[in-house]
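S.K.: If you read the sequences in order, they're chains R and D. Sequential numbering of the first sequence, starting at 111, is according to my numbering. Sequential numbering of the second sequence, starting at 2, is according to my numbering.
Please keep in mind that the hints were generated in silico from the structure rather than gathered at the bench. The reader is advised that the hints may include incorrect statements.
[Claimed, not checked] Distance condition first, Cα-Cα at most 20 Å in a straight line; then the derived EDC-like pairs of lysine to aspartate or glutamate:
id: 1; chain 1: D; residue 1: 606; chain 2: D; residue 2: 637
id: 2; chain 1: R; residue 1: 217; chain 2: D; residue 2: 41
id: 3; chain 1: R; residue 1: 217; chain 2: D; residue 2: 37
id: 4; chain 1: D; residue 1: 273; chain 2: D; residue 2: 41
id: 5; chain 1: R; residue 1: 217; chain 2: D; residue 2: 200
id: 6; chain 1: R; residue 1: 217; chain 2: D; residue 2: 49
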Amino acid sequence: MKGVIFNLLEEVVSQHHGEAAWDEVLDRAELAGSYTTLGNYPHTELLKLVESAADVLGLPRAEVLRWSGRAAIPVLVRHFPAFFDAHRCTRDFLLSVNGIIHPEVMKLYPGSRCPHFDVRDESDGALLLGYASPRRLCMLAHGFVEGAADHYRQVPSVEHLACMDRGAHACLMRVAVS
Amino acid sequence: MSGAAQLAPPGPAPGTEVARLLRRLERERQARREAEAIAESGLRRLYEQQQRAQLLEGIATAANESDSLRDALQLALTLICQATGWPVGHACLVQPSAAGPLMRSSGLWHLADRPGLAAFADATRHIAFPMGIGLPGRVLASGRPLWITDLLKEENFPRRVEAGRCGLRAAYGFPVLVRSETAAVLEFYNDRAAEPQPELLQIMAQIGMQLGRVVERERAREVLQHDASHDALTKLPNRALFLDRLAQAIAARRRDPGADLAVLFIDLDCFKFVNDSLGHLVGDDLLIQVAARLRAALRSEDTLARCAVPERNTEPVSADTLARLGGDEFTILLSRIRHPSDAVRIANRLQESLRAPFHIAGRDIYTSASIGIATGGGAASAADLLRDADLAMYRAKTLGKARCALFDSAMHEAAAQRLELETDLRCALAHDEFVLHYQPIVALDSRTLIGFEALLRWNKPGAGLVPPGAFIAVAEESELIVSIGTYVLREACRAGRRWRHDIAGADAISISVNISARQFQQPNFVACVREVLEETGFEPQRLRLELTESMTMGDAERAVRVLAELRTLGVQISVDDFGTGFSSLSYLHRLPVDILKIDRSFVSKMQSNEQSRHIIATIVGLAHSLRMKVVAEGVETEEQATELMALGCAFGQGYLFSKPMPEADARAAITATVTR
């Protein structure tokens, strides 16, 4: 797992709950916590941090992922404004993830294993996002989608039609914005 | 200010130890982020450089491995689009036109799998961009890469509306350069406006050079292919290409039996004479001019035919093919005729076109052609049809100059017989089936035997003795005559040596051996004679080589040299059939000749024809003044012998004295002479 994900989690926890809260999360997870964007760290460390954050923040694990994804978007906007400025709405932004953003991520972090989203149009203007990854971070993706809608000042509605957490072989989210 | 104070997280008072540590921590954190940012930008640059290196390597590989420019261009479009992520790539090719070069679509595209892009390709398909117009035209004009930041704001871009409809915004193009000449332009489009990327354009310029090498290679290959299939002198298709086109025409005829095809085999009459007497440069020039006349005659024929016969379908008339097979042999494929008479008419027109003199090196040279015609009727293959036309030409030659002949199957049979005879002759040589007969030559006054002329006979198994008239012509057409001639020379010398050895007093007897033109032309002819003399031990002074006048006409310098060398060996030279050829006096005195032979045609007519007698008198007078001996051939009556003596001719041969005889009889004759 790329260090940038760990940094994002640290940043949103520290920002919204104070640096002491992040110290607490690290202590409970029994991790040293020195992460740099350039490094690679075991996926299990991220899982431990999410468990630990759930305890510290008093939220379910899934909710921690969703919340941190949503809260991370403003941080990403600050770091990578070009990815957001090129689009005018959530839909366009989501459509650019596979083709533009992930290839750029590959340049920065060679060897990243970016997930691929199957994107399909629904007749009512909604998007169907298919996600399959052994890391099962669909709730993080869910949060990113909501954060993107916030950025474009739209109101999101994300529905999990199928989820790997409920035994499906892939997750399928229905995304509508208004 | 109060809002900012409220937002500030609660913390220790400034100036305390904790506050200092927090500031220090923040500095460290900031330093880490900056370090990360620097590293990330380095990584990004490295990645891009690697990508570009990979792209260049990919293009170089494609350029080296592609069989065609189109393959290389297609691969380049795909690789570049993959590397840059731009959805549209397209190649334009330069096309010459009366108004200057134009850029046109090659039809080669790389289009991302996205709806709407095909419309842009459609809009491009039929546009021709003149120099300086549109992206391809501007690259053509400058020979440099060009970047367009936003197509919607670009004036000089004829496809702006279509590009806008397809959502295309930024573009760049670069030339495929062969040295400094633009051969093609590659253009790429993106769906976002984009600022120029000088580094990318630099890479593209390099790619343009790489692809230029493919163009160069393809051009070189085309030149080679053209050269391999065309005659360098006349620029006409050569035998290989002709046979190829003929095979195609035969296949086409099988599909559409409505029209027939014909092959014309053209051979110039007396081209060899032009070449030999006026030199190869003049000969070459003549061939070039003949080719041009044939081409022009064929073209006008073609135009007439098209006016007369409306085309039945939209398939273009495949142009008739004029080819040079080699030497003075031309062939024509008429791919669409209605009747063999069409081919004859065209052949006549071709002959007509050669009638006017050719002006070469300040001379007027006249030539004509023998034309053989074979039509497609039952021919199975291109080679068959060409052979048939060749046979017909051979027949036309025998009819005289400027004649045509249509192939018929009898010719094929005659040719087959010729081939069989040739095979038999090779066999005869290998199996020693040839024998020599000897005809005495006598002094007319005393009737003393002074020598023999060796004459060839073929003792053919089952057929008895075959006279030379039945096979020498065929032997002369092939190289066989050289081997046969050498055989005769060797056998005659061996016989002479045996006689000298066996019969006392036989050493004064000479033997005459006929030499064929082909034998005489062999570069090693003198060496061959020397070898035979050494091998057999026959005395050179007793060997007379009989040549005809015409054999020495071609290359006079060589003839004089060869005869002089033979003379140095001690051999005597006799000119056969004297008086029947061009008998040039100025020429004769230059030739080292010992004996003139008066042709039998003059001897047989000398009593009935005053003129023949005058000719004989002239020849004898000429020979005496040049210190040559004279032998009369075909002496059949006493009256002839008496009159020849009266005219001053000292020697004769003919039935009056003896027919040609086998060796045993010749030996007897010698013995009789020396014991008399």
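S.K.: Are residue 217 of chain R and residue 200 of chain D close enough, with their CA atoms no more than 20 Å apart?
M.R.: holds (17 Å)
S.K.: Quickly compare the C-alpha distance for residue 606 of chain D and residue 637 of chain D to 20 Å and report which way the hint goes.
M.R.: holds (11 Å)
S.K.: Assess, step by step, whether the Cα of residue 217 of chain R is no farther than 20 Å from the Cα of residue 41 of chain D, and give holds or violated.
M.R.: holds (9 Å)
S.K.: Is the Cα-Cα distance between residue 273 of chain D and residue 41 of chain D 20 Å or less?
M.R.: Between residue 273 of chain D and residue 41 of chain D the Cα gap is close to 83 Å, so the pair fails against 20 Å, i.e. violated.
S.K.: What's the verdict on residue 217 of chain R and residue 49 of chain D, does the C-alpha distance respect the 20 Å limit or exceed it?
M.R.: holds (7 Å)
S.K.: Is the Cα-Cα distance between residue 217 of chain R and residue 37 of chain D 20 Å or less?
M.R.: With a Cα-Cα distance of about 14 Å, the restraint between residue 217 of chain R and residue 37 of chain D holds, given a limit of 20 Å.
Checked against the numbered hints given earlier, the structure breaks only hint 4 and satisfies all the rest.
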